[in-house]
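Those protein sequence lines, which keep their order, are chains A and B.
Each residue of the first sequence is one higher than the one before, starting from 10 at the first, in the working numbering.
Each residue of the second sequence is one higher than the one before, starting from 10 at the first, in the working numbering.
Hints may be right or wrong, so weigh each one.
Remember, identical chains collapse to one label, so a pair may be satisfied in a single copy or spanning two.
Unchecked claim - Taking lysine to any residue pairs in the SDA-like style, the calculated list, with each CA pair at most 25 Å apart, reads: (1) Lys154 to Ser70; (2) Lys154 to Ala97; (3) Lys154 to Val209.
Read the hints as simulated data drawn from the structure, not as lab findings.
Protein chains: 2
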Amino acid sequence: MRIAVLLYPEFTALDAVGPYEVLSRIPGAEVVFTAARRGPVRTDMSSLALTADAALDEVDSADVLLVPGGPGTEAQLGDPAVLEWVRAVDATTTWTTSVCSGSLLLGAAGLLKGRRATSHWACLDQLPRFGAEPTGTERVVLDGKYATAAGVSAGIDLALSLTGRLAGDATAEAIQLVIEYDPQPPYSAGSIATASPELVAELRSNRLLLG
Amino acid sequence: MRIAVLLYPEFTALDAVGPYEVLSRIPGAEVVFTAARRGPVRTDMSSLALTADAALDEVDSADVLLVPGGPGTEAQLGDPAVLEWVRAVDATTTWTTSVCSGSLLLGAAGLLKGRRATSHWACLDQLPRFGAEPTGTERVVLDGKYATAAGVSAGIDLALSLTGRLAGDATAEAIQLVIEYDPQPPYSAGSIATASPELVAELRSNRLLLG
């Protein structure tokens with residue numbers, strides 16, 4: 010089982026690494042980090058780079074495609090080579106998935122027309138421009154073979170759900186225990202439903218804080 | 010504020026990237042990924058490499074030191090250069106922290122003597138050999154300036170707790186909302202307290218699965 014993860018400049022690291030940490034542990038899974046060119050790709054916070062081991066033209070199929078989000082997504086929406094690659098690989102997948110604003114990239118590739126989908130809470134209002142129907146309240150949304158997750162950390166939940174479907178509940182539970190995923194956030198501001206309205210408004214007006 | 014993250018071969022990616030995703034967003038924070046040599050460092054699952062932007066001898070101080078864990082920890086426990094670097098940087102920190110088996114490295118450096126600490130559940134029994142007192146039931150343990158987290162994903166919780174102490178609750182809550190950390194695991198096998206005893210026993214007897 011091949012899992013292709015798309016990297017591009019200014020993606021958000023955890024969007025990619027959260028799901029990778031789960032999916033790479035499925036017995037028989039092979040993960041390939043893929044970008045326009047081989048080599049290091051800088052994340053949005055600039056102090057970290059992940060290595061792309063393959064260039065786009067070296068990966069033409071995958072069982073699972075994962076598209077992370079981040080401030081760099083916007084620049085990719087207008088890149089025909091990236092959109093064409095996403096479409097071509099999607100034609101071969103069992104699951105096509107995204108985390109955070111990665112769903113906008115799936116949308117720009119024309120893959121979410123008429124589908125329910127989610128994204129980072131601050132990007133949900135952009136989904137309709139691609140013909141997708143934002144759900145807003147669900148952390149992981151499955152519609153056909155398309156699985157989209159909410160912002161950044163939601164990719165871990167998406168990957169565990171996907172693992173259950175790809176390899177069975179027992180494997181998903183084993184991986185959950187291996188990564189000791191028993192989250193205990195010390196604050197309860199993790200969604201726009203639980204954070205204070207003042208904090209949500211402040212972040213909406215200050216896009217810089219969103220990374 | 011400088012945050013130094015130690016990388017070494019076969020570390021677990023999420024141990025480092027979870028906390029980085031939180032701590033790098035603290036206003037004024039600068040994260041530096043540091044390893045024996047500059048360049049890509051392969052994780053335990055081999056399909057991913059993170060870039061170290063600095064060599065150990067280029068970083069001699071930090072406000073926060075973060076040591077991730079992983080199957081590669083064991084090899085580091087006997088490396089005098091790494092242990093000496095951890096001790097030297099620790100002498101300059103406000104917080105010295107670890108995720109997963111990273112606490113064994115802090116222990117081997119002599120930093121956890123007489124301190125309460127935690128680790129990946131499968132490594133807890135190794136803490137006493139370094140004079141540390143394993144807590145077992147806590148996901149994040151603070152003892153003085155030493156903050157240790159349980160396995161892999163626990164680094165996110167640790168980093169949010171630390172952010173509250175370093176930059177205040179409001180900043181920690183803002184970062185939690187930015188990374189939409191409102192976890193909803195689809196299974197409840199994330200700790201040895203909630204997973205089935207059969208699964209815990211199976212993973213204990215099959216160390217390969219632990220990565």
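Hint by hint, work out which the structure violates, then give me just those numbers in ascending order. Hint 3 alone not satisfied by this model.
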